[in-house]
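Chemist: If you read the sequences in order, they're chains U and B.
Okay, so the first sequence: first residue is 1 according to UniProt numbering, each after it adds one.
Okay, so the second sequence: first residue is 1 according to UniProt numbering, each after it adds one.
Since the hints were derived computationally from the structure, they do not count as laboratory data.
These figures come from a predicted structure and were not determined experimentally.
Hints should not be assumed to be uniformly reliable.
Cross-link-like lysine to aspartate or glutamate pairs, in silico, DMTMM-like; alpha carbons within 20 Å at most [as the list claims (entries may be wrong)]:
#1 U:57 <-> B:75
#2 B:57 <-> B:75
#3 U:57 <-> U:69
#4 B:57 <-> U:52
There are 2 protein chains.
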Amino acid sequence: MPQPTVDRGATPSSTGFPGPLAPAEMRTSNMSLLLRHLRRHGDRSRAQLAAETGLSKATISSLAADLTERGLVRDGRLVRGAVGRPGLPLTLDGAHVTGVGVEIAVDYLALTAVTLSGITVRETLTTVDAAHLGLDAVLDRAAELTRAMLRSLADADASCVGITVAPPGVIDYAQGMLRFAPNLGWRQVPLVAEFAARLGPLAPPVRLENDAKLAALAEFARFEGTDVVDMLYLTGETGVGAGIIADGRLMRGWSGFSGEVGHLPLDPAMTLCNCGRRGCWELIVGLDAFLRLVAPDPADPLRDPAAPLEGRLHAIRQRVDAHDEAAMLALETITQHLSTGLSVLVDVLNPRAIVLGGYYAHFGDVILPGLAELLAQRRMDAGSGVELSTTRLGMLATARGGALLALEDVFDNPSLVPSRP
Amino acid sequence: MPQPTVDRGATPSSTGFPGPLAPAEMRTSNMSLLLRHLRRHGDRSRAQLAAETGLSKATISSLAADLTERGLVRDGRLVRGAVGRPGLPLTLDGAHVTGVGVEIAVDYLALTAVTLSGITVRETLTTVDAAHLGLDAVLDRAAELTRAMLRSLADADASCVGITVAPPGVIDYAQGMLRFAPNLGWRQVPLVAEFAARLGPLAPPVRLENDAKLAALAEFARFEGTDVVDMLYLTGETGVGAGIIADGRLMRGWSGFSGEVGHLPLDPAMTLCNCGRRGCWELIVGLDAFLRLVAPDPADPLRDPAAPLEGRLHAIRQRVDAHDEAAMLALETITQHLSTGLSVLVDVLNPRAIVLGGYYAHFGDVILPGLAELLAQRRMDAGSGVELSTTRLGMLATARGGALLALEDVFDNPSLVPSRP
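Make a model of the complete structure from these sequences and hints.
Modeler: What follows is the structure in structure tokens.
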């Protein structure tokens, strides 16, 4: 399982230099270096690349030829260098290489295709009621949408190098399984195999990744070029999870389970959770808790899981705009509980920025000011406040992150992309 | 403030490649690459280095000459290469370059000097009662010990490139200040300036770093060559803090405050803490909590802060070995409270290994089995248990980490070391 990484081009002192590599790994790493260099700095002549990377000109020429054959770079327009002969610059040629992200959520399916240069070229968002449809029908539907996207990419001469699926539960990375989806009751689903079987033998490789980690990857792109390299993304669905970017890189933890914050023991009432523990944080800050606070009557249409979530949130937003007391009080309670858990995460992780996703993003104007104040009250580190915001990527954040993650493999190892005919 | 990093030489896919660098930074980075390559792989001929790094032979020769002049590498014994002429191998020559770490704790002063090749060449541990002595006298004493160590290093032709001081409280990194030492009442101490003034104008640069982060750095060296790249170190003094190694690198957080776990709100009694918050974890798992449990009578000599801590812990160890009921019960309570906080940290960080330092290290055989069981009960990630252990570095862990951190600057930027006459 390749480790997702985000290269933010931080200074050498903050990232350290790469681990010294075995000889066999050097060519791949140098191709990777070149590709990332072009992504960050834009077009570069071979002479410039040699000067800037310290690689020999012969090495640069050989690597460039290789990358060109794979359709990852091409010769750009002629530029005149400061000294010597003008050189043809290399330019990143990502148009023919894409990654695809697929989020299977409790309420919807989201798909996104992104090119090597980071441009979103396809997007699909479909409401589903996964609990009602059942596992097989949901997978059928997700695979059908994916096949359609792959066909459409192929028609545009854009091949897909990998698919990342974000399932609505706990992943077994080693086995490619969805171990447990607490809010759907699905258990031990061999998701990679099931999905790959539905896509057919010619489809690109499928991997699984956690929704919060993927949304964090997608969101972090917003901070490109800023000094924010420590970021926390909090999802806000029925479940709550965190994606952690530390020093510019996605933090996965040993077995991929970093950021499992939804089950921190922070509910003083110690209510029993679907996960088997008591007092889990998501029981007091998750979507269900919020809906119960806004609409205490279980028969309230706002509580109907078959109704599209966006519509229900829109209706609540209207109540908030009309200063409906129950809705405002609900947000106040959620804000209070959010601050308890977030201050734990601030103590442990010391992020520069916290981004709230999910349903929180619909109420940022109401939640964020109070949250900032509550966090400030608990702060040890008086000189520096954390920057709070809500996501702008909406329900496509996770799918976009999935596409970016699939593409990171190419930046890590450009030889994954075959030579073009 | 340079960012401390640990280069574990992880695979390219787990660390990503370095951020592409501006041309001016490349020479420094390549010198750094060469130095780390030699540290990891041992002696290498120039031809091997060129083949393995992809740098041109001319670049390697020039960098090697530069590093030799600075006394960081030297020509080793003749070796015969597989093909071609035999080449003189380069070898890391760290003997003349050292880093020094100084821990100013509530109960003791610890100093360590380590060479570029990671060998500890000087160590000092002195009991002090900082609260009784007062700030100035403690700094005088620490500076006196440091000066003596620097003189002794100079006599052995080993220059010190930097000094890391670990103060007993919250650091203001930007100002080089000890902002607040809750257990001593010291506030706003310009520690870098005070220490540097006592060392005189010819002394190497002084920086501050948190004790838990430094101990984590020192401890992490134990996992060299293993697949453990996600580690958590927990200090156990009057205060409790965590040092986090994520994917082989020290996690500092935005402003250096990651791992401030001592003040997580985990004490159900919500007792008021010196920090101003209530319910802080260290109030129920810190050294004071433990001593109160073992010796409820405040007049018990075990509670006397003027008595050397090691002696008191030794006395408690004897009681434990004799199965003294109060002592065993105290450890059971501490274990229970440790598990609450550690399971939070496991959820957030998903470490492979947790190392307990401080007083916990004296009772690992009693604490660890129960702790492992309690953590397993709460685990979401059923397939994988975290590896628990206690430190073997004793009270010198932090000082050793400080020395290593000072040396990381040389690995990041070898040109910090001047050419030798």
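Chemist: Taking the hints in turn, state whether each one holds.
Modeler: Hint check:
{"no.": "1", "hint": "U:57 <-> B:75", "result": "violated (28 Å)"}
{"no.": "2", "hint": "B:57 <-> B:75", "result": "holds (16 Å)"}
{"no.": "3", "hint": "U:57 <-> U:69", "result": "holds (18 Å)"}
{"no.": "4", "hint": "B:57 <-> U:52", "result": "holds (16 Å)"}
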